[in-house]
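Engineer: As you go down the protein sequences, you meet chains A and B in turn.
222 is the number that my numbering gives the last residue of the first sequence; the numbers go up by one with no jumps.
625 is the number that my numbering gives the last residue of the second sequence; the numbers go up by one with no jumps.
Straight-line C-alpha distance at most 30 Å; calculated DSSO-like pairs for lysine-lysine:
1. B:Lys437 x B:Lys330
2. B:Lys322 x B:Lys368
3. B:Lys230 x A:Lys121
4. B:Lys452 x B:Lys467
5. B:Lys277 x B:Lys489
6. B:Lys350 x B:Lys322
7. B:Lys444 x B:Lys368
8. B:Lys397 x B:Lys417
9. A:Lys121 x B:Lys239
10. A:Lys120 x B:Lys239
11. A:Lys124 x B:Lys239
12. B:Lys376 x B:Lys437
13. A:Lys116 x B:Lys230
14. B:Lys452 x B:Lys317
15. A:Lys116 x B:Lys239
16. A:Lys114 x B:Lys230
17. B:Lys415 x B:Lys331
18. B:Lys239 x A:Lys81
19. A:Lys7 x A:Lys209
20. B:Lys278 x B:Lys415
21. B:Lys230 x A:Lys124
22. B:Lys239 x A:Lys114
23. A:Lys115 x B:Lys230
24. B:Lys331 x B:Lys452
25. B:Lys350 x B:Lys467
26. A:Lys81 x B:Lys526
27. B:Lys468 x B:Lys317
28. B:Lys330 x B:Lys278
29. A:Lys116 x A:Lys81
30. A:Lys81 x A:Lys124
31. B:Lys417 x B:Lys452
32. B:Lys397 x B:Lys376
33. B:Lys230 x A:Lys81
34. A:Lys81 x A:Lys8
35. A:Lys114 x B:Lys526
36. B:Lys239 x A:Lys115
37. A:Lys120 x B:Lys230
38. B:Lys415 x B:Lys467
Since the hints were made in silico from the structure, they are not lab data.
Chain by chain, the residues:
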Amino acid sequence: MAIIQLKKIKKIYQQGELQIEVLKGVDLQVEKGDFLAIMGASGSGKSTLLYIIGCLESPTSGSYHFAGSEISKLDDDSLSKIRNERLGFIFQSFYLIPYLTLFENVLVPTIYSKKKLDFKKRAKDLLTRVGLQERLSFLPSELSGGQKQRTAIVRSLINSPDIVLADEPTGQLDSKSAAQVMEILATLNEQGKTIILVTHDETTASYAKKRVIMKDGLIYPA
Amino acid sequence: MDLSILLKGPFIVSVLKALRHGTLKTLFAIFAITFGISSIVFIIAAIDGSNLQAKKIINLLGPNSIFIRSGFGGKGTIRRMTYRLNMEDFRLVSKVIGVKSSAYMMLKKVNISVGDNNMKAYVVSAMKDFLTVFDYRIGVGRPFMKSEYIYAPKVCIIGTELSQELFGNKDPIGKSIRIAKTSFVIVGVFRKKGKLPSGRSLDNRAILPINSYRKFIEPEYKRFFAIKVKVRPDVSYDSIVQQIKKALLTNHAPDDFVVVTPETIRKFLNIFNITLSVYLGLVSVTALFIAGFVMSNIFSINVKVRAWEIGIRRALGASSSEILIQFLAEATLISLAGGLLGTVVGLLAIRFLMPMLNIPVVYPGMSYVAALVFSVATGLISAAIPARQAANWEPVRALRTRL
Chain A
1 MAIIQLKKIK KIYQQGELQI EVLKGVDLQV EKGDFLAIMG ASGSGKSTLL YIIGCLESPT
61 SGSYHFAGSE ISKLDDDSLS KIRNERLGFI FQSFYLIPYL TLFENVLVPT IYSKKKLDFK
121 KRAKDLLTRV GLQERLSFLP SELSGGQKQR TAIVRSLINS PDIVLADEPT GQLDSKSAAQ
181 VMEILATLNE QGKTIILVTH DETTASYAKK RVIMKDGLIY PA
Chain B
223 MDLSILLKGP FIVSVLKALR HGTLKTLFAI FAITFGISSI VFIIAAIDGS NLQAKKIINL
283 LGPNSIFIRS GFGGKGTIRR MTYRLNMEDF RLVSKVIGVK SSAYMMLKKV NISVGDNNMK
343 AYVVSAMKDF LTVFDYRIGV GRPFMKSEYI YAPKVCIIGT ELSQELFGNK DPIGKSIRIA
403 KTSFVIVGVF RKKGKLPSGR SLDNRAILPI NSYRKFIEPE YKRFFAIKVK VRPDVSYDSI
463 VQQIKKALLT NHAPDDFVVV TPETIRKFLN IFNITLSVYL GLVSVTALFI AGFVMSNIFS
523 INVKVRAWEI GIRRALGASS SEILIQFLAE ATLISLAGGL LGTVVGLLAI RFLMPMLNIP
583 VVYPGMSYVA ALVFSVATGL ISAAIPARQA ANWEPVRALR TRL
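My request is simple: use the sequences and hints to build the entire structure.
Structural biologist: What follows is the structure in structure tokens.
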């Protein structure tokens, strides 16, 4: 069963008099357990598509079914709840909160979770799995790019989401750190996690099981 | 609005660390609030203190009383030479309709001693009715007897402070003291009366029966310091005061005497109170307004600088109301810190400034309540707009504004 189903998704940005149509009617279906790479040049609309999938932005028109429910009908609180419980985000520039330690950053999503779990233990386990168990009380400024992105991966996983969304996750990393990060994502996918990745980088995309190409606001098979 | 996140460990840590992260901004906001709150704490205590002062003075005057004292308008080199009231005045005042009882008082500063223990203190004359009209109540011993007002016996009644000075904790009744050049036997001690607004105590005096005073203290003198009357509660107070003034004006210029009533005390202190309240009120409102303005600005800068943080929190699942709560929580903590510091500064001001303004030092509970309410209100009101703005940002727009 498709966990994500996009039909004729359009996104138009209004800039003064100018209308910019970034997505021109995207159809996309993602199955549970998929590892999908959306490739494309910058400005192709791939990030916008990922943000729409991630419920961070709403489409101008079209329908988006997430796990059976129509997203456009949900209010802000319900969307926040979906982002919190069912989606995990990884960004190119990590977005770790500078005044919180690595460990505290990982726990940020749990602030907004209604679940009552032993998140601290889970955080430690996950951080051990990505090799950061020695760095718990480090601030983001004391970490390398690779370490920051691994922290962000753990943060995206802390609430056990159905899907992990990654926006250029290797964009600011050297090739060795990039490979480490992608290995981790590949392993997660092998363990059953659905992953959608946006990248312009061939090597990064090569870890995905499926690939599509985005061009001028439309999706084409690779 | 779901406030349960306020109790979550990671949330609390996050709020506290955010405040520490912006130390300079945080301290600036705290000091702004401190200034406003300390002036509010002080103003409330000052008003409370001066009300207490008014009550004390009115109590000192006693119930249903009018006090007439000599003005100091004369040009005499010795002040007592300017005492203007005389027997004719007393006779006129006593005849005013509504006056129930009346008494006059002469007084003089003299040497009072027991053995080698020597001090300067006031000695006061007591005619018949003096003790009741001037509200002297006997604590230990007895009042003067009727015959003691007629003859000039060497007896006296003293105040508690004088007793303490001369005899310590020993019973002074039956002992002799030397007042001016004559030895008197103490027959009673009057109960503590307290201090005049000027700070002078009424409890270190000695009282002599009128004829003893005339014979041994001031044989020649015909004028006195003050007249006091008790009025009948069924006759209009104002009309009695008017009649007394009229009676005194037959022989005197208006600044020869001062008529003191609870009303004049209240009026005088009210003017003082209103001036003080308006002045301090303006200061604190201005201070709080500035505090709110500073805080509002700090928060709007704060929210802009941390736009992407708001974005990432939204992406990680924070609802817009949870963003609002986060910023309001930060504002509230700043306010409480400012409120607490303001209270401390305010208390110090009460402790050291109020004695300079001659206001009794009080620490009213209202001050603390007001400090809490005004600090939190200032914080919440000034942070509300920026916080709401932050909460309503679209997550993506916030994320893309990384500085």
